[in-house]
Amino acid sequence: MSKYKLTHLKELEAESIYVLREVAAQFEHPALLFSGGKDSIVVTHLAYKAFYPVKIPFPLVHIDTGHNFAETIAYRDALVKSLGATLIVGSVQESIDAGRVKEETGYYASRNKLQTVTLLDTIEKYKFDAAIGGARRDEEKARAKERFFSHRDEFGQWNPKNQRPELWNIFNGKKNIGEHFRVFPISNWTEMDVWQYIYQERIEMPNIYFTHEREVFLRDGQWLAAEFCMTLKPNEKTEVRQVRCRTIGDISCTGLTLSKANTLEDIIDEIAATRVTERGGRADDKRSETAMEDRKIAGYF
Amino acid sequence: MDKGYLNMELLRFTTAGSVDDGKSTLIGRLLYDSKSIFEDQLEAVETASRRSGNEEVNLALLTDGLRSEREQGITIDVAYRYFATPKRKFIIADTPGHIQYTRNMVTGASTADLAIILIDARNGVLEQTLRHSYIASLLGIPHIAVCINKMDLMDFSEKTYESIKREYCKTVVEKLALANVRFIPISAKLGDNVVSKSENMLWYKGQTLMELLESTPIDHKQSMSEMRFPVQYVIRPISDKFHDFRGYAGRLSGGVLKKGDAVIIFPSGQRSVVTTIMQCENELAEAFTPDSITVQLADNIDVSRGDILVSENELPVTGQDVTMMVCWFNERPLYVRNKYIILHMTRETVGIVKSINNLVNISTLEAEAGGDMLKMNDIASITIKTAQPLVFDPYEKNRTTGSLILVDPDTFETVGAGMIYR
Chain A
1 MSKYKLTHLK ELEAESIYVL REVAAQFEHP ALLFSGGKDS IVVTHLAYKA
51 FYPVKIPFPL VHIDTGHNFA ETIAYRDALV KSLGATLIVG SVQESIDAGR
101 VKEETGYYAS RNKLQTVTLL DTIEKYKFDA AIGGARRDEE KARAKERFFS
151 HRDEFGQWNP KNQRPELWNI FNGKKNIGEH FRVFPISNWT EMDVWQYIYQ
201 ERIEMPNIYF THEREVFLRD GQWLAAEFCM TLKPNEKTEV RQVRCRTIGD
251 ISCTGLTLSK ANTLEDIIDE IAATRVTERG GRADDKRSET AMEDRKIAGY
301 F
Chain B
1 MDKGYLNMEL LRFTTAGSVD DGKSTLIGRL LYDSKSIFED QLEAVETASR
51 RSGNEEVNLA LLTDGLRSER EQGITIDVAY RYFATPKRKF IIADTPGHIQ
101 YTRNMVTGAS TADLAIILID ARNGVLEQTL RHSYIASLLG IPHIAVCINK
151 MDLMDFSEKT YESIKREYCK TVVEKLALAN VRFIPISAKL GDNVVSKSEN
201 MLWYKGQTLM ELLESTPIDH KQSMSEMRFP VQYVIRPISD KFHDFRGYAG
251 RLSGGVLKKG DAVIIFPSGQ RSVVTTIMQC ENELAEAFTP DSITVQLADN
301 IDVSRGDILV SENELPVTGQ DVTMMVCWFN ERPLYVRNKY IILHMTRETV
351 GIVKSINNLV NISTLEAEAG GDMLKMNDIA SITIKTAQPL VFDPYEKNRT
401 TGSLILVDPD TFETVGAGMI YR
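Those protein sequence lines, which keep their order, are chains A and B. Counting in this note's numbering, the first sequence runs from 1 upward without gaps. Counting in this note's numbering, the second sequence runs from 1 upward without gaps.
There is no bait here: all hints are sound.
In silico EDC-like pairs for lysine to aspartate or glutamate, Cα to Cα no more than 16 Å straight-line: (1) A:K161 / B:E331; (2) B:K259 / B:E312; (3) A:K5 / B:D113; (4) A:K175 / B:D408; (5) A:K175 / B:E348; (6) B:K189 / B:E199.
Chain A is nowhere near these chain B residues, computed Cβ spacing over 12 Å in every case: (7) K159; (8) N200; (9) A262.
Short derived list, chain B residues pointing at chain A, Cβ under 8 Å: (10) M8; (11) E9; (12) Y82; (13) T111; (14) I405.
Source of the hints: derived by calculation from the structure; they are not laboratory data. Virtual Cβ for every residue (Gly too), placed ideally from N, Cα, C.
Taking the hints into account, I'd like the entire structure generated from these sequences.
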């Protein structure tokens with residue numbers, strides 16, 4: 001009997017592949033939102049497995065803030081090439097130039113929030129009816145109540161009080177014209193599951209997830225990269241430290257971890273011992289207690 | 001690195017209870033004692049507790065995610081929580097217990113392997129205890145853990161525990177014909193018998209809640225039952241390398257499928273043989289429920305999404321007049337003769353409500369005569385007639401092939417959940 005038991009990673013994988021195939025079956029123009037972070041890398045890997053030997057039957061969409069780590073872009077381009085996938089880039093810089101959004105100013109300026117407009121514009125331009133993302137329910141309290149198939153009205157907005165009940169493994173992707181869905185195939189995964197799976201599947205990762213020397217500075221107890229898009233306060237000094245990224249967003253909101261983790265095993269050990277959530281390093285979530293809920297309602301990832 | 005982490009099992013459980021039962025405290029306790037709460041989360045909860053005037057850290061704030069829930073101090077929606085011990089990974093579907101949120105309880109229960117039913121030791125078995133237990137049994141949750149909470153307020157009395165246990169057996173277990181019920185006296189607030197054994201209840205010789213969660217057998221009824229493989233998506237590469245490839249992708253919903261197995265395709269009734277079972281590049285000799293696979297057949301026959309491959313041994317039921325228990329989810333009532341979109345596994349069809357056979361009073365569990373409409377949160381037996389035949393097993397045999405949802409054809413909202421019995 002015990003022969004027929006799936007490990008938790010296999011069961012999570014089977015569930016996510018099922019969700020991805022439902023997207024391909026139920027929608028006409030799906031897209032996979034690819035950020036270059038570990039979660040979207042795992043979703044892309046799952047999509048490869050779900051449709052093999054056919055190529056992933058939808059494009060990868062990258063909402064580019066223009067404030068990316070160079071490693072992220074290099075990794076993205078190499079991945080797209082090896083999969084033979086289509087890449088569509090939505091540019092926040094273009095949204096700024098066109099006057100669709102106004103760039104934030106000051107030391108805490110970030111393009112993170114501006115992405116929402118570029119994302120919704122891109123969805124509309126290409127008539128995407130389902131946007132697949134790598135969000136997980138364990139990341140943040142508003143995400144704990146998110147559905148696998150999350151309905152968005154014609155303004156791209158999320159209505160947390162009127163979500164469709166989701167039972168068994170039946171997913172209702174029916175919608176009116178102009179509405180779309182966000183789909184989260186790895187909803188039930190935790191940060192630990194993601195790294196264990198990357199280890200199990202030997203998925204190649206961008207090197208900024210591993211320890212490296214970088215010029216950084218400390219702000220509000222958090223290490224940030226001293227990159228082109230960051231403005232230092234007069235009292236802030238840069239120094240070179242051994243760091244790695246625990247999550248990757250755009251540079252302005254990605255906190256770096258002081259770490260010597262050099263391999264996937266090291267990273268898994270480090271996460272097992274850590275006492276702070278991964279989004280604890282994300283400046284965008286610290287803006288208020290319901291920062292994520294507010295952004296999600298507006299149409300954020 | 002401990003490689004054991006890669007080889008854990010997954011247990012999904014649900015908790016039903018209202019704020020007063022200490023449900024949120026229990027979940028907070030499980031997360032806290034299993035070291036699944038991180039420093040920044042705890043900090044955020046401490047800040048929020050102070051802001052809302054709580055003297056102690058309110059662990060319930062960990063589980064109440066949405067702004068309106070925090071403002072009202074109640075849980076409205078199903079929240080999913082995750083934690084792991086060195087033995088297992090757990091997914092909690094945390095659902096509100098109030099009668100007006102029956103639909104959320106049903107949603108959370110639909111995928112659970114185990115249900116925790118909380119009883120306040122001061123109050124004993126209440127109407128809501130019966131209701132929560134009924135929903136657990138209706139949704140076919142294989143294991144029930146009855147936690148008799150707040151034992152600290154009853155001087156950790158064995159007599160109190162025994163009398164509540166007897167009462168539950170008499171009023172609930174017998175009425176619902178429940179199997180696999182376990183009882184644990186706990187204090188979620190102080191941690192007694194949640195993760196660590198109670199020093200205050202040495203008379204209790206059983207497992208702690210955590211020990212029970214770590215050792216409950218994960219239900220394999222579905223993988224031991226007859227083979228069921230609903231076709232989700234057809235994979236047809238247009239490439240020289242895979243010229244004749246025609247793969248049927250899907251997730252096994254019952255039993256085991258082996259290479260070389262003879263299968264019947266429903267509803268057409270055609271027969272074929274499985275030539276390959278694939279999982280990406282890997283060819284498998286066999287696969288089992290609930291794995292996602294791609295299957296190729298020996299014969300070039302017409303199979304598409306919505307069809308189901310089954311073993312020859314025990315055939316599913318095929319029918320257009322389908323009777324089920326339904327839980328109604330929407331403010332727009334269900335009326336007899338209304339039409340709904342039916343989503344059943346990977347098949348979509350239309351159904352018309354022929355009759356409401358009876359209505360369950362979920363407070364007393366008495367069956368009442370069915371009228372011609374159902375309101376939100378009602379649970380009833382209904383019969384529908386479908387445009388195309390449904391291929392199903394009774395829900396008590398298979399939770400996947402025996403379940404369906406009803407979708408409003410005007411709003412496309414999911415308005416009801418059905419558990420088919422014939």
